[in-house]
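Take a look at the letters that make up each chain.
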Amino acid sequence: MPYSITVNGAVREVDVDPDTPLLWVIRDNLGLTGTKFGCGVAQCGACTVHVDGQPRRSCALPVSRLGNRQVTTIEGADGPEAKAVQAAWAARDVPQCGYCQSGQVMSAIALLREVKKPDDKAIDLAMNGNICRCATYVRIRAAIHDAAKALEA
Amino acid sequence: MGYESTGLSRREALSTAGALVIGLSLPFGGARAQGAPQAGPVDPNAFIRIGADDSVTVICKHIEMGQGPYTGLATLVAEELDADWAQVRAESAPADAKIYANFNFGVIQGTGGSSAMANSYDQLRHAGAAARAMLVLAAAQSWGVQPATLSVEKGVIRHAPSGREARFGQFAAAAGRLPVPPKVTLKDPASFRLIGQDRKVSRLDSVAKSNGSARFTIDMAAPGMLTVVVARPPCFGAKLASFDAAEALKVKGVVAVKPLSSGVAVYADGMWPALKGRGKLVARWDESAAERRGSEEMVEAWRGLAGTAGTVVNSHGDVDAALGQGDLVEAEYIFPYLAHAPMEPLDGYIEWDGKRANARFGSQIQTLDQATIAKVLGIAPQAVSIETLLAGGSFGRRAQGNAHLASELAEAAKAIGPGRPVKLVWTREDDIMGGHYRPLFVHRLRGSVKDGAIAGWSNTIVGQSFIKGSPFEAMMKDGIDPTMSEGASEIFYRTGAFRCDVHIAQSPVTTLWWRSVGHTHTGYAVECFIDQLLEKAGQDPVAGRLALMDNSRAAGVLKAVAELAGWNGPGPVNGRARGVAVVESFRSFVAQIAEVSKGADGLPKVHKIWCAVDVGVAINPDVVRAQVEGGIGFGLGHALFAEVPLEAGIPAVANFDKYRSLRIHEMPEVEVVIVKSSEAPTGIGEPGLPPTAPAVANAMARLGLGRPSRLPFVRVA
Ligand code: FES
Ligand code: FES
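Going line by line, the protein sequences match chains A and B. Numbered continuously in numbering that gives the first Met the number 0, the first sequence closes out at residue 152. Numbered continuously in numbering that gives the first Met the number 0, the second sequence closes out at residue 716.
I should point out that these hints are in silico values taken from the structure, not numbers from a laboratory. Ideal Cβ placement from N, Cα and C applies to all residues, glycine included. There may be inaccurate statements among the hints.
What the hints assert, rightly or not - Okay, the calculated beta carbon distance ranges per label pair:
hint, chain 1, residue 1, chain 2, residue 2, range
1, A, D16, B, E646, 27 to 37 Å
2, B, N567, A, D51, 49 to 59 Å
3, A, G8, B, G162, 17 to 27 Å
4, B, K467, A, P17, 43 to 53 Å
5, B, P181, A, D77, 48 to 58 Å
6, B, D285, A, D16, 26 to 36 Å
7, B, L602, A, K120, 17 to 27 Å
8, B, S141, A, G8, 44 to 54 Å
9, B, G162, A, D118, 48 to 58 Å
10, B, E428, A, K115, 36 to 46 Å
11, B, E428, A, E151, 24 to 34 Å
The following block holds chain A by itself, in its conformation from the complex (with noise of 0.2 Å):
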């Protein structure tokens, strides 16, 4: 089935089927492989992709349900909030392996944009979705808290 979509502020055709989850459109469609294949079952959140400016795990939504929503990568994060979170996650050598970190940043951009201020409640509830194997948790919340500081400034 051919499908229009929109990703990262262009219209992209793509033939696949129906079910097709968007993540493997963006990666093997589209070539935009910063979004990560964890587990294919909304588990861990590698996958992590923004549809229209709200987190969303792409191995769980199937192209045809798309739409003409936007969808956001990792490679067309940007303003403010995705300044400051990539900022601060390089700041405090968060990444280990790094293959989790697409997602945990989607995440905590999409957090940033929603709480200005996010306590650590906050924080566990916008991120637990967002599983780190290396376990790099103590800088991801660290970084977060960093970020929002550097975006009050």
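Here the structure of chain A is known, so what remains is to put chain B with the ligands in place on it, guided by the hints.
Chain B with the ligands only, in chain A's frame:
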């Protein structure tokens, strides 16, 4: 700063004129790997490449899978070279055991046993110092001055009397034509500017791993590439009997279906058609030799063995007599099969033209992977190149003695024929149900306490051996696999009479080392049991341990962690209890104190873990800290939740819904102190893990929850 993860850039760069490529000879003597490196601009035996653009690229023989060797190895070079960190990059070395052997493994290139920094400390400092000397000589010759009158700082060579200065790039080509100095003087550690300095260098891979540009194996793509998933047997020891691919081949995008020795491969244009095709495949398995026991039956069988005398690993004194005196204390600890579940499931990419193969993946033991690919494809190992890519975690899973991933990858390429690049991807289900687990272990412990002192200690260990029958079998002596009892066969404590014996249990379930190997279970058994004996003897967990200990480094970290946490007994105070544990693994010493309460759900809630480590010289203190944080989180998550139970031989969990991973709200606060040391550096990828579970269990005992005798602590029955 940055890194380059593929060998392509390396090849391109090597052909660039004006590069200084330094090959390091290995003047370290007999037992170590013999290299035949030579200096020269196109010599592939290289550890450092200095570009005309002033960049310093460090060629890393150890895989970057999160544990930080890109940064650590580059720090060693940059220190002796007096490089500007902003110009430093790292990339993976090609597979070449002659040059890039891990000295701990013999003539094998590979990463494991937390050995990356330890086995590179001298080697890369020598490489850095030699490169510095060559640059200085080249500059001195050009300027017509004595080399001794030059200084180097932050990538700038300076001649103070004349005010002349230059960056490295200017003399890279000239330096590359000079002979490698036979002898160099290393810096006095007191003058280190990078090594051991906190936050002087930032990780080379942080930026790319924060913006999605870091490339992993799963991101490989090429024109005409096919994505391959494999249907493998549902239980261990089963073999393919027959299959029917008709329905699978009807799926749009499925290109071929081929039998491999591991199962049936489905080739498709992309992952989704491959998965759909695999879903439609009908495969029949011969299960006549398969494991059909469930883990409960296996636990009972292992427990039965634990009640009998095993092969003695170490003993002194008359244990049986000692156990007959005083108060007998008994414990049994049962450890489940555990999957490593690295965040990036196993995967590999390969191109093969019938004569040569190029594999790109997170190869952790390059030499074995290279030999295996060569064998499957019927070509010479030299005809197989391996580009080691960033790996999305490993925790031991990619260090395969049987090279099963490389083998499956090569078979997939062979079955479809030359000229077709393939990318093999395991799903999470393939990963968690696919074996190569931390083995199921049972520990039976008996000890006696007489007059407030420990009079005897007996520990019988039962589990499978992944060393026996593997390429690492030479590690075994007298039928004993040392990885089964490491940490238990010699303990810190004076316990009177002592015995540790083991039984090797048999099962077709595949097993493998898992972050911290034997210490995953021995650390728990020993540190819980000593705590239990001390409690019986009425001793404080910290003071009691110290009183029984002769090892000054173990005592050092124990004292340091007690001070850091303000230890004042185990409590509980205000509903919070504290537990302690200290473990030496891979020659590093780690002590932890956990503060735990009983959560509203009745489950243990871990608030904070204090940790003291002695890793000798801590090359990058912040990387050490990160590995400790990660090791604690990994250890705690598995201790709390993780188990791969078998039902009639079939794994009953398949994905993160039931193979529960620690999540952010379950991560305790962590505070780390690194004990100052001038000992040679040792590793930290694994040693942060073993003390966590017993420290938490020992706190749980003080909360009246008991030290869990069966892991995980939270079992879904
Ligand atoms: S891959 Fe989508 S949540 Fe795990
Ligand atoms: S950094 Fe490795 S899984 Fe998160």
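Checklist entry - Range hint 27 to 37 Å: satisfied by the CB atoms of A/D16 and B/E646? => result holds (33 Å)
Item to check | B/E428 paired with A/K115, Cβ distance criterion 36 to 46 Å | outcome: Holds, at about 40 Å.
Next on the checklist: Does the beta carbon distance between B/S141 and A/G8 stay inside 44 to 54 Å, or does it fall outside?
Outcome noted: holds (52 Å)
Next on the checklist: Quick check on a hinted range of 24 to 34 Å for B/E428 and A/E151, using CB atoms only.
Outcome noted: Given range 24 to 34 Å: violated, Cβ gap about 44 Å.
Checklist entry - Is 48 to 58 Å right for how far apart the beta carbons of B/P181 and A/D77 are? => result holds (54 Å)
Next on the checklist: The hint says 43 to 53 Å between B/K467 and A/P17; measuring C-beta to C-beta, is that right?
Outcome noted: Since the Cβ atoms of B/K467 and A/P17 sit about 51 Å apart, the hinted range of 43 to 53 Å holds.
Checklist entry - Taking the CB of B/G162 and the CB of A/D118, does the distance hold inside 48 to 58 Å? => result At 56 Å between Cβs, range holds.
Next on the checklist: Just to be sure I understand the hint, the distance between the Cβ atoms of B/D285 and A/D16 should be within 26 to 36 Å; is that true here?
Outcome noted: holds (33 Å)
Checklist entry - If you check the beta carbons of A/G8 and B/G162, does the distance land in 17 to 27 Å? => result Since the Cβ atoms of A/G8 and B/G162 sit about 53 Å apart, the hinted range of 17 to 27 Å is violated.
Checklist entry - Taking the CB of B/L602 and the CB of A/K120, does the distance hold inside 17 to 27 Å? => result holds (19 Å)
Checklist entry - Between B/N567 and A/D51, does the C-beta distance stay in 49 to 59 Å? => result holds (54 Å)
Checked against the numbered hints given earlier, the structure breaks hints 3, 11 and satisfies all the rest.
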